[in-house]
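Taken in sequence, the protein lines are chains A and B. If you want the working numbering, it's the 1-based position in the first sequence plus 235. If you want the working numbering, it's the 1-based position in the second sequence plus 386.
Any given hint could be a false lead.
[Stated by the list, open to error] Once the Cα atoms are required to be at most 30 Å apart in a straight line, the calculated BS3-like pairs of lysine-lysine come out as:
(1) A/Lys350 <-> A/Lys248
(2) A/Lys250 <-> B/Lys604
(3) B/Lys664 <-> A/Lys350
Hints in this document: simulated from the structure, not taken from any laboratory.
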Amino acid sequence: MNNTYQSNLVSVKEKHTAQRLILYIAMASITMFFAVTTSALLVKKADVLNWAQFPLPSVFILSTVFAVTSSVGFFFSYKCYKEQKFSTSRWALFVSGLLGVAFLLSQFMGFESLKAMGLPLTGNVAGSFIYFLAIAHGAHIIGGLLALTVTLVNAYVARNDVHFEGAGNLNIKRLFSLEILTSYWHFVNVLWVYLFLFFYFNYQ
Amino acid sequence: MSEVTAHHDSAHAHGHDDHHHEESWLTKYIFSQDHKMIGKQFLMTGIFWAFVGGILSLFFRMQLAWPNETFPILETLLGSWAEGGKISNEFYYALVTMHGTILVFFVLTAGLSGTFSNFLIPLQLGARDMASPFMNMLSYWFFFAASLVLFMSFFVQTGPASGGWTAYPPLNGIRDIAINKGSGIGFDLWITSMSLFIVGSTLGSLNYVSTVINMRTKGMTFDKMPLLIWALTFTAVLGILAFPALLAAAGLLEFDRLLGTSFFLNNIVINGDLLAYKGGSPLIFQHLFWFLGHPEVYIIIFPAFGIVSEVLAVHAKKPVFGYKAMVLSLGSILIIGFFVWAHHMFVTGMSPAIGKVFVIFTLLIAIPSAVKVFNWITTIWRGNLRFTVPMMFAIGFVSLFISGGLTGIHLGNSTIDIQLHDSYFVVAHFHIVMGVAAFFGMWAGVYQWFPKMFGRFMNETMGYIHFWGSLIGGYLVFFPMHFMAGVPRRYYAFDQFQSFNNFQDVNVFITIAAFLVMAANIVFLINFFYSIFKGRPVTEENKNPWGANTLEWTTPIHPGHGNWPGELPTVYRWPYDYSVNGKEVNPQNQPLEEGEQGH
Numbered sequence: 236m237n238n239t240y241q242s243n244l245v246s247v248k249e250k251h252t253a254q255r256l257i258l259y260i261a262m263a264s265i266t267m268f269f270a271v272t273t274s275a276l277l278v279k280k281a282d283v284l285n286w287a288q289f290p291l292p293s294v295f296i297l298s299t300v301f302a303v304t305s306s307v308g309f310f311f312s313y314k315c316y317k318e319q320k321f322s323t324s325r326w327a328l329f330v331s332g333l334l335g336v337a338f339l340l341s342q343f344m345g346f347e348s349l350k351a352m353g354l355p356l357t358g359n360v361a362g363s364f365i366y367f368l369a370i371a372h373g374a375h376i377i378g379g380l381l382a383l384t385v386t387l388v389n390a391y392v393a394r395n396d397v398h399f400e401g402a403g404n405l406n407i408k409r410l411f412s413l414e415i416l417t418s419y420w421h422f423v424n425v426l427w428v429y430l431f432l433f434f435y436f437n438y439q
Numbered sequence: 387m388s389e390v391t392a393h394h395d396s397a398h399a400h401g402h403d404d405h406h407h408e409e410s411w412l413t414k415y416i417f418s419q420d421h422k423m424i425g426k427q428f429l430m431t432g433i434f435w436a437f438v439g440g441i442l443s444l445f446f447r448m449q450l451a452w453p454n455e456t457f458p459i460l461e462t463l464l465g466s467w468a469e470g471g472k473i474s475n476e477f478y479y480a481l482v483t484m485h486g487t488i489l490v491f492f493v494l495t496a497g498l499s500g501t502f503s504n505f506l507i508p509l510q511l512g513a514r515d516m517a518s519p520f521m522n523m524l525s526y527w528f529f530f531a532a533s534l535v536l537f538m539s540f541f542v543q544t545g546p547a548s549g550g551w552t553a554y555p556p557l558n559g560i561r562d563i564a565i566n567k568g569s570g571i572g573f574d575l576w577i578t579s580m581s582l583f584i585v586g587s588t589l590g591s592l593n594y595v596s597t598v599i600n601m602r603t604k605g606m607t608f609d610k611m612p613l614l615i616w617a618l619t620f621t622a623v624l625g626i627l628a629f630p631a632l633l634a635a636a637g638l639l640e641f642d643r644l645l646g647t648s649f650f651l652n653n654i655v656i657n658g659d660l661l662a663y664k665g666g667s668p669l670i671f672q673h674l675f676w677f678l679g680h681p682e683v684y685i686i687i688f689p690a691f692g693i694v695s696e697v698l699a700v701h702a703k704k705p706v707f708g709y710k711a712m713v714l715s716l717g718s719i720l721i722i723g724f725f726v727w728a729h730h731m732f733v734t735g736m737s738p739a740i741g742k743v744f745v746i747f748t749l750l751i752a753i754p755s756a757v758k759v760f761n762w763i764t765t766i767w768r769g770n771l772r773f774t775v776p777m778m779f780a781i782g783f784v785s786l787f788i789s790g791g792l793t794g795i796h797l798g799n800s801t802i803d804i805q806l807h808d809s810y811f812v813v814a815h816f817h818i819v820m821g822v823a824a825f826f827g828m829w830a831g832v833y834q835w836f837p838k839m840f841g842r843f844m845n846e847t848m849g850y851i852h853f854w855g856s857l858i859g860g861y862l863v864f865f866p867m868h869f870m871a872g873v874p875r876r877y878y879a880f881d882q883f884q885s886f887n888n889f890q891d892v893n894v895f896i897t898i899a900a901f902l903v904m905a906a907n908i909v910f911l912i913n914f915f916y917s918i919f920k921g922r923p924v925t926e927e928n929k930n931p932w933g934a935n936t937l938e939w940t941t942p943i944h945p946g947h948g949n950w951p952g953e954l955p956t957v958y959r960w961p962y963d964y965s966v967n968g969k970e971v972n973p974q975n976q977p978l979e980e981g982e983q984g985h
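Required output: the full structure, derived from the provided sequences and hints.
Below you can see the structure in the form of structure tokens.
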């Protein structure tokens with residue numbers, strides 16, 4: 236009988252299944268954050284005397300376009316890695332990251348538009364909710380971009396790995412990282428689409 | 387196209403096994419990724435905070451008992467907060483705020499579910515470790531960082547937060563120390579600490595749920611899981627879904643305080659000056675807060691439910707009564723628990739129709755709670771009881787849960803609650819049902835699993851002193867408060883009010899009883915630390931000292947990281963096969979006998 240402790244002697248598949256579930260449950264937790272905050276917004280909106288009426292800045296449409304295209308880029312990157320088109324996968328990841336940065340910039344443009352409408356952060360609470368929700372969502376995007384940067388740097392460093400990419404073989408660990416990151420990225424982008432639609436129907 | 391080679395997709399990943407390298411002191415005791423060590427870290431930190439929180443309560447109990455006396459020692463200990471030996475009114479409120487925060491979050495959440503989820507989930511499921519040991523380590527260090535930040539807030543010039551553990555605006559929404567010193571940097575640190583705590587708690591909870599779903603050993607089907615694992619899993623689910631509401635509330639509140647938004651503030655006038663805040667609603671904060679705040683009481687009590695279910699069955703040597711009903715009760719409480727939060731807000735001017743909905747859901751929770759109590763009593767009914775220290779605490783828990791739970795039925799009725807709200811009756815109710823009862827669950831767990839944690843036994847005599855001191859003292863502190871149903875709970879001193887003077891003697895009595903409880907817990911503290919180093923050692927002959935069926939007792943006395951040398955145990959039977967086959971104990975990894983039917 237083997238008398239040694241083998242704490243990591245767990246199949247990779249089992250480990251990945253468990254870690255994938257961690258991500259899905261984390262998504263449920265993040266969803267709760269936005270669900271309760273948007274519920275608070277609806278409760279506040281019912282107090283019509285203190286709720287300003289204004290149209291949603293149109294630049295948020297651009298944000299939505301960036302979010303969706305960035306997600307498509309991630310999907311493409313993951314697909315390419317699986318098909319061992321490593322260079323294309325890296326480029327797709329890089330472009331997705333740029334689209335993520337463009338998304339954040341468009342959010343700032345949205346804030347500027349709100350200010351131009353006379354709705355600074357400290358103005359009417361109707362506007363303040365947009366700032367708060369967009370900033371909270373933006374924090375999740377920044378988290379994703381940091382993870383993307385690490386993944387991209389790793390992919391670049393490993394491009395000539397003689398055991399894997401350099402020999403034309405995929406690396407299960409890196410594929411899994413990419414899968415997790417892709418799922419997260421799709422999730423935060425879907426979250427933005429939800430916020431956009433929520434704003435669209437509550438601010439017209 | 388080249389061939390796909392997945393080098394790491396073999397059945398097992400090698401290269402990082404513990405036997406390949408020695409762990410350093412730092413990675414073994416401090417930055418450990420071993421769930422058992424992390425569990426002990428949660429326990430030690432929880433015990434530290436329990437004593438800090440307890441000492442704070444003694445300070446404010448002294449003020450309530452002897453409002454006109456001076457105690458030079460208080461000035462020595464607290465400096466300018468107790469000039470002349472008398473606690474200032476500002477600091478009194480800081481004391482109650484910090485007492486509530488520390489006990490609810492740091493002791494009865496982190497210290498209870500943090501300790502036992504970490505220590506026992508992999509051990510009772512037959513797993514090597516959590517799904518992500520690294521995230522598990524992070525969860526403790528976020529909690530530690532939260533602890534440090536809150537501890538620091540005691541030492542800032544304007545003092546710690548003092549606007550109540552519920553952090554209601556507008557008092558806590560305005561960052562002006564002229565209004566309230568505790569609303570300054572002390573409250574910013576409070577919010578920072580809570581945010582760190584929520585991140586840590588969430589990281590831990592994600593891991594617990596994923597581990598339970600994915601890492602069970604062969605044969606450990608859901609219907610063979612110990613009730614404690616069910617309870618800890620549901621606790622984690624509650625935390626994952628409820629804590630985001632507090633994070634949202636804290637974020638919005640900090641926007642109001644630091645950036646000048648008006649989410650929770652509207653037309654505030656201070657000293658004749660109208661502040662710029664306009665259009666907010668402090669009631670929205672209350673809704674967000676209690677959307678966490680009420681499930682939080684189940685986050686606190688569920689682990690105690692689970693521990694008590696295990697301890698009662700093991701020490702009565704009887705199968706737990708109504709296993710499925712116990713699991714279903716936990717599940718129903720989990721679901722209904724999300725629809726009762728506004729029973730904390732009956733006096734906010736809520737529509738009676740909406741109030742009625744919350745009354746109905748609140749009273750509905752009494753049903754699964756009563757099912758659990760019934761099942762605990764039936765479990766030990768005519769059992770072969772061993773009145774060991776953990777068993778005493780488990781029985782004490784049932785007594786306290788009934789005593790405290792019954793007054794919940796009073797308070798769940800809006801018509802009665804409107805009379806009793808913010809009175810000492812409420813203090814009595816929640817301290818008994820989720821304070822003292824949860825502590826009894828925690829102590830039952832500590833005494834039960836101490837031999838597994840440290841390979842030694844705690845001293846029994848000291849354990850009984852701890853039990854009786856805490857049970858008698860706990861009842862003496864909180865039972866008289868039921869008779870103070872007309873006395874408001876947040877007053878600094880009652881001697882200025884003729885109508886409350888009648889209760890002065892009761893307040894003195896309660897304070898003396900509080901000192902008794904602290905004395906009993908000092909006995910526990912000495913016993914705990916002494917036994918870690920000098921307690922009677924566990925030997926091969928008594929390595930399953932209570933005769934339990936669950937898997938944690940099948941590991942070596944001092945299990946390494948990975949828990950079982952060699953193969954993981956296989957499970958053949960449920961954990962409550964006590965007194966069957968002519969044997970009192972039938973461990974879960976013992977194969978069924980010929981002709982024997984599994985549960």
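Checked hints:
1. A distance of roughly 51 Å separates the Cα atoms of A/Lys350 and A/Lys248; the hinted pair therefore is violated under the 30 Å criterion.
2. The suggested pairing of A/Lys250 with B/Lys604 holds, with an alpha-carbon distance near 16 Å, which does not exceed 30 Å.
3. Restraint check for B/Lys664 and A/Lys350: the C-alpha separation of about 17 Å stays at or below 30 Å, so the hint holds.
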